[in-house]
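Respectively, the protein sequence lines represent chains A and B. First residue of the first sequence: 27, per this note's numbering; consecutive thereafter. First residue of the second sequence: 263, per this note's numbering; consecutive thereafter.
None of these hints come from the bench; they were simulated from the model. Remember, predicted model here, so these are calculated numbers, not experimental data. Errors might be hidden in some of the hints.
[Unchecked claim] Derived list of chain A stretches under chain B, where covered just means 3 residues or more per stretch with a C-beta under 8 angstroms from a C-beta of chain B:
1) 56 to 69
2) 214 to 227
[Said to hold, decoys possible] Here are some chain B residues pointing at chain A (derived, C-beta under 8 angstroms):
3) Met282
4) Asn300
5) Phe319
6) Trp339
7) Tyr351
[Unchecked claim] Pulled a few chain A residues facing chain B out of the computed Cβ check, cut under 8 angstroms:
8) Leu74
9) Val104
10) Leu111
11) Leu115
12) Ile231
13) Ile243
Ideal Cβ positions, reconstructed from N, Cα and C, are used throughout, including at glycine.
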Amino acid sequence: MSLETHAAAHHPSLAHHFENLEEQREAATLGMWCFLVTEVLFFGGLFLTYTLYRAWYPDAFAAASHEMLIWAGTINTVVLITSSLTMALAVHAAQTGNRRTLIGFLVATMVLGVAFLGIKAFEYRTGFLEGHFPGPGFRFEAKYFQHAQIFFSLYYLMTALHAVHMIIGLGIMGVMLWMSWRGTINADYYNPIEISGLYWHFVDIVWIFLFPLLYLIGRHA
Amino acid sequence: MSDTHIASRSLYFKIFGILMVCTYLTVQMAFVDLGPFNTVVALGIAVFKATIVVLFFMHVWHSSRMTWAVVLGSLFWLGILLVVTLTDYVTRAWQTFG
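In isolation and in its complexed conformation, chain B is listed as follows (with noise of 0.2 angstroms):
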């Protein structure tokens, strides 16, 4: 489970690889008009970035559970952050938003 992993230098180079093209596909997109879902692009693209970061970079991927709870447990608190806090402002019925 947590035994010592010790991940090749060629999985780094790939994940480079595909962090550098995503980053060349957000600042291309950003300069088509896609309306509301030129952020849901730039967002999801972070998100995906992110996500290959903490797996491969930050070794999650091969960490033990207890690290992976941890991990996903701050998510659930910034969802918690994010969420709960944006139900109150978009429902605000005597104010337009967003």
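Next comes chain A alone, as it looks inside the complex (with noise of 0.2 angstroms):
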């Protein structure tokens, strides 16, 4: 009797161990911060090592990103930057309670990541088809045959573990989707699209590193 009393003087989203729903997001969206800490560092390693091998084969790297398709890259910049402003909408549609605007802007920011990687596979299909996946079947002008192979080795390597966070962001957002349908979401409660949508625009910021690094050092040569 005194536990259902105790429940019901709390907000039904409030977990017992919070002071209240302020202090509740607070926890949240750290806990979303140091996550990306870590991120930050797991993806910092490999842009390390792709500035190492390029100050070491400047020429091979230019030349190995000519290769690129620089308009499917743009595109692909343009969607996701797109999705990142779908993302910012829909937190914004939870922090004011409009659960319809919520599950619009979820859709949308999921249709984008889809067409994301869409773009992205196909970008795949052209390289293999172009003998520029390194291995037995590569194929490059022979003066950088070698060296075109690290670039393209860390290509697909930082590309692909990208396309891994997409994947699982899109996974992310169908839960909340879920929850959203479900009513679980309002205006006092939305912690869950407010640290996915972090997780999302943390995502769009490694597109924008890897865009100029990856398909536009080389172009103007």
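Take each chain as given, in its own frame, and dock them per the hints.
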């Protein structure tokens, strides 16, 4: 009996170990940021590797980078930034308790995420067909044959790791869609949408750095 | 300090517009031969884009000092990773680098 009275005094979305919703929200945000710090260092190691090899073999990297489909990379950049906008608007809709708008923007974010992966898959297919995949079937001008493979190894590793993050992001958005559909999300309790947004924007930021480094260097040569 | 602040939708659209202009600029600049400054321009634009995403899309601008500390901490540790490693590689006199 006393337990029920105790529970009734609380907001249904407030976990009992938090004083209030504001404290709970702060903890959720901080927790997600701590995770993102580990992600920064995770990708940071790969960006460092890229920097070192590019400094060693600048000509081979420029030549290999020239083979990237710049239009596909540009479209994907636009698609991903637009998905960040729809994500930010989804958070806004959650904060203002607008369930229909929230669901709409979550779906839009997911559609753009799938479009990004589709274009990426097309690029991978083109790369395989042209023999730009490191290994026994690799084809490239003889002068850079060896070192261009390092560029393509890093290209496939970094973009695939990014794509895995996108796929996980789509899974998270699916859960957010379910929670929003069920009405769990409201103007008092929108932490899940907020911190999923932090993750989605982070993945966008990784691409903001991958795009110039992989597609744009050596383009002017 | 960390009172719930709801950013306006017009702010999001403005940030989106700036990001689009930056994307256009970085692609255009890639076709202009600036020598070593192509990399500087490309990375400068990328850092600017990332910064406004973090500050406004990710709401750090209006977040608590604790969140600021964690965000800046990530840059600090990333800086250690990059700078300390590069001080080794760029000072190896027996091989050319960069």
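Results for each hint:
1. 56 to 69: With 7 residues in contact (Cβ-Cβ under 8 angstroms with chain B), the coverage given for the stretch 56 to 69 of chain A holds.
2. 214 to 227: holds (count 4)
3. Met282: Since chain A brings a Cβ to about 7 angstroms from methionine 282 (chain B), closer than 8 angstroms, the hint holds.
4. Asn300: At 6 angstroms from the nearest chain A Cβ, asparagine 300 (chain B) passes the 8 angstroms test, so the hint holds.
5. Phe319: Holds: closest Cβ of chain A sits about 5 angstroms from phenylalanine 319 (chain B), inside 8 angstroms.
6. Trp339: For tryptophan 339 (chain B), the interface hint holds, since the closest Cβ of chain A sits about 6 angstroms away, which is under 8 angstroms.
7. Tyr351: At 6 angstroms from the nearest chain A Cβ, tyrosine 351 (chain B) passes the 8 angstroms test, so the hint holds.
8. Leu74: Nearest chain B Cβ about 6 angstroms off; hint holds.
9. Val104: holds (6 angstroms)
10. Leu111: holds (4 angstroms)
11. Leu115: holds (6 angstroms)
12. Ile231: holds (5 angstroms)
13. Ile243: Hint on isoleucine 243 (chain A): holds, closest Cβ of chain B at ~7 angstroms, below 8 angstroms.
Going through the hint list in order, the structure satisfies each hint without exception.
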